Amino acid sequence: TPFDLVLCSQRLPDGDGLDTLKRMIQQKPGAVSILMTAVHDEGLKLEASRAGVRGYLEKPFNLQQLEEAMGI
153 TPFDLVLCSQ RLPDGDGLDT LKRMIQQKPG AVSILMTAVH DEGLKLEASR AGVRGYLEKP
213 FNLQQLEEAM GI
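When we follow the working numbering, the leftmost residue of the sequence shown carries the number 153, and every step to the right adds one.
A hint or two may mislead.
Unchecked claim - No more than 25 Å apart at the CA atoms, straight line, and that leaves these computed lysine to any residue pairs for SDA-like:
hint, residue 1, residue 2
1, Lys197, Val184
2, Lys197, Glu220
3, Lys174, Val184
4, Lys211, Leu159
5, Lys174, Thr153
6, Lys197, Met222
7, Lys180, Ser161
8, Lys180, Gly204
9, Lys180, Arg202
10, Lys197, Asp156
11, Lys197, Glu210
Hints are computed from structural coordinates only; laboratory data are not their basis.
Every value quoted in this text rests on a predicted model; they were computed, and no experiment measured them.
Based on the provided sequences and hints, a complete structural model is requested.
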């Protein structure tokens with residue numbers, strides 16, 4: 153199934169959200185990828201950015217923050 157946007161939580165029941173986004177970025181480099189987390193972690197934010205993740209949102213976030221992360 154084609155996709156243009158991936159929103160993924162860092163904590164997943166069966167793994168790591170950043171690893172999931174890295175795989176998604178390999179499959180479709182042009183897709184917008186956004187990592188969501190409930191924990192402030194500058195190291196994770198930097199790692200996500202280096203991996204090509206476009207947005208990093210700390211929960212809770214509002215619609216404006218989501219739109220900014222999406223680039224709209």
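Checked hints:
For a cut-off of 25 Å, the pair hint linking Lys197 to Val184 stands: about 16 Å separates their Cα positions. At roughly 16 Å between alpha-carbon atoms, Lys197 and Glu220 fall within 25 Å of each other, so this suggested pair holds. For the proposed pair Lys174 and Val184, the alpha carbon gap of about 12 Å is at most 25 Å, so the pair holds. Distance restraint check for Lys211 and Leu159: the Cα-Cα separation of roughly 13 Å lies within the 25 Å cut-off, and the hinted pair is therefore satisfied.
With a CA separation close to 18 Å, the supplied pair Lys174 and Thr153 stays within the 25 Å bound. With a C-alpha separation of about 16 Å, the suggested pair Lys197 and Met222 falls inside the 25 Å cut-off, and the hint holds. Taking the CA atoms of Lys180 and Ser161, the gap is about 19 Å. The hint holds against a cut of 25 Å. For the hint pairing Lys180 with Gly204, the CA-to-CA distance comes to about 11 Å; that is within 25 Å, so the pair holds.
A hinted pair counts as satisfied when its Cα atoms are at most 25 Å apart, and Lys180 with Arg202 qualifies at roughly 16 Å. Distance hint between Lys197 and Asp156 is fulfilled; the C-alpha atoms sit about 21 Å from each other, no more than 25 Å. Restraint check for Lys197 and Glu210: the C-alpha separation of about 10 Å stays at or below 25 Å, so the hint holds.
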